[in-house]
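There are 2 protein chains.
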Amino acid sequence: MASSIAITNRSLHDQVASRVRDLIIEGILEPGSRIDEGHLIEELGVSRTPFREALRTLAAEGLVIVRPSKGSIVRQLTPDDVFSMLEVLAHLERLAGELACERASDEEIDELVRLHERMMECYRTRDRMPYYKLNQEFHSRLAELSKNGTLQEMQANIQARLKRIRYIGNQKPDSWAGAVADHEQMVRALKDRDGQQLGEAMASHLKKTWERVKDSI
Amino acid sequence: MASSIAITNRSLHDQVASRVRDLIIEGILEPGSRIDEGHLIEELGVSRTPFREALRTLAAEGLVIVRPSKGSIVRQLTPDDVFSMLEVLAHLERLAGELACERASDEEIDELVRLHERMMECYRTRDRMPYYKLNQEFHSRLAELSKNGTLQEMQANIQARLKRIRYIGNQKPDSWAGAVADHEQMVRALKDRDGQQLGEAMASHLKKTWERVKDSI
DNA sequence: TACTTTTAGTGTGTATACAAAATACATGAA
DNA sequence: TTCATGTATTTTGTATACACACTAAAAGTA
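In the order they appear, the protein sequences are chains H and U.
Residues 1 to 217 in our numbering are what the first sequence spells out, letter by letter.
Residues 1 to 217 in our numbering are what the second sequence spells out, letter by letter.
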C-alpha cells in the first residue's frame, strides 16, 4: 500500500530519472553515446520538460554530462575515474564499518549476519545474480548501520556510478571465492565489533574489486 | 577572457542554480522556508523552465527539497545532519591529506604553503572575511592535491552544504586561534609529507568546527 | 460549537510552441 | 581535390499556456 502511494506520489521527472538511470546501468544507453532527446521521450512517452529535468538530476548525480547547446552524453568512466571512486568508496566503507561496530544494535548485526548467510547460500549454489543483488544490499545495509545519513548518501551515489562497471566485472568468475572470503572476515569482525578489522576487510575487498575490474574499463 | 567564454557558455539554468545557491548560502532564502517559484523567477528575470531545472540540480546537491505538488523548500539542516556531514568530511579530508603527501609535487606544496602564509597575514590583521575565503580555498586546494577527482567532488559537495552553517559559526570569534594552530600543524605535516599527522590535524580541525558550530544550528 | 463538505484560488506539473544555436550538407573557388 | 562559405536541417534552450493538485476559507450540517 505504502509503495503504491509512493509511486503515485513520485513526480514524472523522478520516474523518468529512474528509468534513464536503469537504461544507463544496463548499458542500453552506452557510455560516451549521445542521449537523443527526441527519440527517448517518444520511447518513454513523456514530453521534453520532465525529461530534461530528469537529465539535470542525473547530471548532478554524475551519470550524464550536459554540454550546453550540444546535447547530453552518458558519462564515460576512465580507469582513473573508477580508481578514484573505489579509493573514496573504500575509505567511506572503512568509516562505515568502524561506526557500525560502535553504533549498531545486536539485532541489526544479527540481521546483517542473516543476509550474509543468504549470500553464502547463493554462492554455494552458484546463483550469481541473486548473490550480486544481496551483495549490493549488504553494503547498503552496513552503511545504514553507521547511523550517518551523509555517509549513506555518498556511498549510494558512488555505488550508483559504479553499478555498470560492477555489472561487467561480475561476468569474470575468477575471484568470487576471494570476495566471499572477504565477506566472511567482515561478518566475523562485525560480530566481534572489531571496527579496525572490519574497516580493513572492506578496504581490501574494494582493492580486489579494482583488480577484477580495471582491465574491462 | 576564458571566464567570459565560460559565462556565455553556461546555460541559463546553470546560472540560475548558482544564483539560487548563493541566495541560500547567504541566508536570504531561509532554511525551511518555501521557495516561491513565481516570485523568484520574476526577481531573477527568467522563466519557469530553466528555474525548475536549476531546482532539480540543487535538490540533487542536497540544498533544497522538492516535495511533489507541494513546492520546494530550502533544506533545513538538523544538528544530526551537520554532525554527520562533518564526520564524513573529516574522514575525507584525512584521506585527502594522506594522498596529497604521497602525490603532490614540491611546487604544489610550496604554493599551498604560500596560501597558508597569506591566511596568517589576514589572521594577524584580523581580516576575518578574506581569511574565511582563503580558508575555503586552502581546503579545496588540498583536496585537489590528492589527485582524486571523486574525493574533490564529494568534498566540494559537503562544503557547499555546510557553507551557510560555517558562515554563521564564523561570527563567533573565540576559537580562531585554535583553528590557526591546526593550520600551522597541517602545513608542517605537509612540508614533512607526514600523511598520518596531516590527516590527524585535519580531523581535529573539523572536530573543533563542530564544537564551534553545534549550538547555532 | 465543532466538524464536514464545498468551492474558490493559488501554485505546481506537463505539454507544446517558438527562438536560437549547432551540425550537416552542398556549392563554388583555389 | 581540398578548403571555405553559405544554406538547410536538426537539435537544443526558453517561454508560455493549460490542466491538475493542493490549500484554505466559507458554507452547510450535526
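No lab work stands behind these hints: they were computed from the structure.
Some clues are possibly wrong.
What the hints assert, rightly or not - Not the full set, but computed from the structure, chain H residues with beta-carbon under 8 Å of chain U:
1) Thr-57
2) Glu-111
3) Met-154
To be verified - Quick partial rundown of chain U residues pointing at chain H, CB under 10 Å, derived from the structure:
4) Ala-60
5) Phe-83
6) Glu-87
7) Leu-92
8) Ser-105
Said to hold, decoys possible - Derived DSS-like pairs (lysine-lysine); straight-line CA-CA distance at most 25 Å:
9) Lys-147(H) - Lys-133(H)
10) Lys-133(U) - Lys-207(U)
11) Lys-207(U) - Lys-163(H)
12) Lys-214(H) - Lys-147(H)
13) Lys-133(U) - Lys-147(H)
14) Lys-147(H) - Lys-163(U)
15) Lys-147(U) - Lys-147(H)
16) Lys-191(U) - Lys-147(H)
17) Lys-163(U) - Lys-214(H)
18) Lys-191(H) - Lys-214(H)
19) Lys-208(U) - Lys-208(H)
20) Lys-207(U) - Lys-191(U)
21) Lys-207(H) - Lys-147(U)
22) Lys-191(U) - Lys-214(U)
23) Lys-133(U) - Lys-214(U)
Just so it is clear, the structure is predicted and the values come from calculations on it, not from any experiment.
For glycine and all other residues, C-beta sits at the position ideal for the given N, C-alpha and C.
Hints, one by one, checked against the model:
1. Thr-57: Thr-57(H) check passes; min Cβ-Cβ to chain U is 5 Å, inside 8 Å.
2. Glu-111: 22 Å, violated
3. Met-154: Check passed: Cβ of Met-154(H) comes within 6 Å of chain U, closer than 8 Å.
4. Ala-60: Where the cut-off is 10 Å and the nearest Cβ of chain H is about 3 Å from Ala-60(U), the hint holds.
5. Phe-83: Since the shortest Cβ distance to chain H is 8 Å, the answer is holds.
6. Glu-87: Nearest chain H Cβ about 6 Å off; hint holds.
7. Leu-92: 7 Å, holds
8. Ser-105: Since the shortest Cβ distance to chain H is 18 Å, the answer is violated.
9. Lys-147(H) - Lys-133(H): 22 Å, holds
10. Lys-133(U) - Lys-207(U): 20 Å, holds
11. Lys-207(U) - Lys-163(H): 33 Å, violated
12. Lys-214(H) - Lys-147(H): Violated. Lys-214(H) to Lys-147(H) sits at ~32 Å, over the 25 Å cutoff.
13. Lys-133(U) - Lys-147(H): Violated. Lys-133(U) to Lys-147(H) sits at ~32 Å, over the 25 Å cutoff.
14. Lys-147(H) - Lys-163(U): 23 Å, holds
15. Lys-147(U) - Lys-147(H): 29 Å, violated
16. Lys-191(U) - Lys-147(H): Violated - the C-alpha atoms of Lys-147(H) and Lys-191(U) are around 36 Å apart, more than 25 Å.
17. Lys-163(U) - Lys-214(H): 36 Å, violated
18. Lys-191(H) - Lys-214(H): Given that 25 Å is the threshold and the Cα spacing comes to 32 Å, the pair is violated.
19. Lys-208(U) - Lys-208(H): The given pair, whose Cα atoms are some 36 Å apart, is violated under the 25 Å limit.
20. Lys-207(U) - Lys-191(U): Judged against 25 Å, a Cα distance of about 23 Å means the pair holds.
21. Lys-207(H) - Lys-147(U): 18 Å, holds
22. Lys-191(U) - Lys-214(U): 32 Å, violated
23. Lys-133(U) - Lys-214(U): 21 Å, holds
Violated hints, listed in ascending order, are 2, 8, 11, 12, 13, 15, 16, 17, 18, 19 and 22; each of the other numbered hints is respected by the structure.
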